[in-house]
Amino acid sequence: MTEIPAQPPPPPMPPAGSPRRIYFEQLSTALLSRGLPGGRIGELVAELDQHVGQAGTDPVAELGPVGELSAALAAAESDRSPLLWLLGNLAFAISLGAVIALVGAFLFGRQPGDEVTVHLGIVAYLGVLMLGILLLRLYGSKSLMGKSTFEMPDKKYLLPYLLLVAIVTGLTRNLQWNMTVAVAGWLLVGLVPVATLLVIWSLRRSRIPVPGRVRHLRRLGWGFWGR
Amino acid sequence: MSDSDDVHGRWLRGLLEACVLGALRTSPAYGYEIANRFEEVGLARPKGGTLYPILSRLENEGLLEPNWVEGESGPSRKYYSLTPTGTAAVDTIAPEWELFAERVSQLLGLPERTSP
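Protein sequences, first through last, are from chains A and B. Take the first sequence: its letters are residues 1 to 227, numbered as in my numbering. Take the second sequence: its letters are residues 1 to 116, numbered as in my numbering.
One or more of the hints may lead you astray.
Stated by the list, open to error - Only some residues are given here: those of chain A computed to face chain B with a beta carbon under 7 Å:
(1) Glu47
(2) His51
(3) Gln54
(4) Asp58
(5) Leu63
(6) Gly64
(7) Gly67
(8) Leu69
(9) Ala72
(10) Leu73
If you are wondering where the hints come from, they were derived from the structure by calculation, not from laboratory data. Yeah, the Cβ is synthetic: ideal placement off N, Cα and C, and Gly gets one too.
Please work from the sequences and hints to get the whole structure.
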C-alpha cells in the first residue's frame with residue numbers, strides 16, 4: 001500500500017441510470033441541501049460507494065433510504081462546525097433585527113422618496129431579542145412538548161455565543177454608528193414583504209439561505225440544524 | 001436472523017461507538033473492514049447506514065484519524081486509525097465495560113468469573 005496525501009479520490013462513476021448512480025446522485029443533492037461542503041460530500045460519496053460495491057448489495061439495503069442517511073450524516077457533521085453554528089446564529093439574529101427595524105421604518109409613515117435611517121444599536125438589540133425568543137422556543141419545545149424542533153450541536157457553545165452577541169451589541173452601542181439606508185420608500189414597499197417572507201421561510205425550515213461556492217444556494221442551518 | 005442475533009443487535013445499538021473504537025485497537029481499517037471485524041468476533045455486522053455517521057462523529061470528536069491510502073490494485077480507501085485520544089477512550093471504556101458486564105451478570109445470577 002502506498003500512502004497518498006489526505007484528499008478525497010475522484011468521484012466514483014457507476015453506470016449512468018443505474019440504481020446505485022441514482023442513489024448517490026440523490027444523496028449528494030440531499031447532503032448539499034443540508035449545507036455540507038462539496039468536497040466533503042465527494043469524500044463521503046466515494047467512501048460509501050466503495051462500501052456498497054464491496055458489500056455487493058443494493059445501496060438502499062446497505063445504507064438505508066437517502067433521507068435517513070443524509071440526516072444522520074449531516075447530524076454527525078454539524079458538530080464539525082461550531083464556528084459556523086456561532087456565525088449562523090449571530091447572522092440570523094442580527095438580520096432578523098434589521099428586518100424588524102426596516103419594517104418599523106416602513107410602518108411609521110415613511111413617504112416614498114424619504115431616506116430611512118436605521119440605528120445599528122437598535123438592530124443589534126432586536127437581534128438579541130429575537131435570539132432570546134428562538135432559544136426560548138428551543139428549550140420550551142423540549143421541556144413543554146417533549147419534542148424539540150431544533151437541537152443545538154452542543155450546549156457548551158451557548159455561553160461564548162451569548163458573550164459574542166453581548167460584545168457586538170456593546171460595540172455598536174458605543175460606536176453610535178447609524179446605518180443610513182438610502183433607499184426610497186417605494187423600494188421598501190417591495191423589500192419588506194420579500195424580507196419578511198424570507199424570515200418566515202427561514203424560521204419554518206431552520207435554514208438561512210447563503211450563497212455557496214457552487215451555483216446552487218447552500219442553506220446554512222442557523223445553528224439548530226434540522227435532524 | 002436468529003433470536004440471538006436479534007437480541008445482540010439491540011444491545012449493540014448503545015455500544016456501537018465503543019465497539020468501533022475497539023475494532024480499531026489493533027490496526028487501522030476502512031469502513032467495510034471495520035464492519036467485518038464485528039462479524040469476525042460473532043457480532044452482527046453493522047449496516048453502512050449506521051456505521052458511517054458514527055465514523056464521521058468519532059472523526060469529528062478527534063478520536064479517529066482518517067487517511068486516504070492508495071491500494072496496489074483498486075481505488076484509494078479511507079483508513080481510520082485511533083488517535084491518542086481514541087486510544088485513551090478505549091482504555092477508559094474497557095474496564096468500565098468489564099464492571100458493567102459483571103454487575104449485569106450478578107443480576108442475572110451468573111457465576112462470578114475468575115480473572116485469568
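Checked hints:
With its C-beta approaching chain B no nearer than about 5 Å, Glu47 of chain A sits inside the 7 Å limit, and its interface hint holds. Annotation: interface hint on His51 of chain A holds; nearest CB of chain B at approximately 5 Å, less than 7 Å. Annotation: interface hint on Gln54 of chain A holds; nearest CB of chain B at approximately 5 Å, less than 7 Å. At its closest, the beta carbon of Asp58 of chain A sits 11 Å from a beta carbon of chain B; the interface hint therefore is violated under the 7 Å criterion.
The beta carbon of Leu63 of chain A is positioned within 7 Å of a beta carbon in chain B (closest approach about 4 Å), and the interface hint is therefore held. For the restraint placing Gly64 of chain A at the interface with chain B, the shortest Cβ-Cβ distance is roughly 4 Å, inside the 7 Å limit, so the hint holds. Interface restraint check: Gly67 of chain A against chain B, minimum CB-CB distance 11 Å, threshold 7 Å, status violated. Among the interface hints, the one on Leu69 of chain A holds; its C-beta lies about 5 Å from the nearest C-beta in chain B, closer than the 7 Å criterion.
With a cut of 7 Å, the hint placing Ala72 of chain A at the interface with chain B holds, because the nearest CB-to-CB distance is about 4 Å. Given hint, Leu73 of chain A at the interface with chain B, holds; its Cβ is 5 Å from that chain's nearest Cβ, closer than 7 Å.
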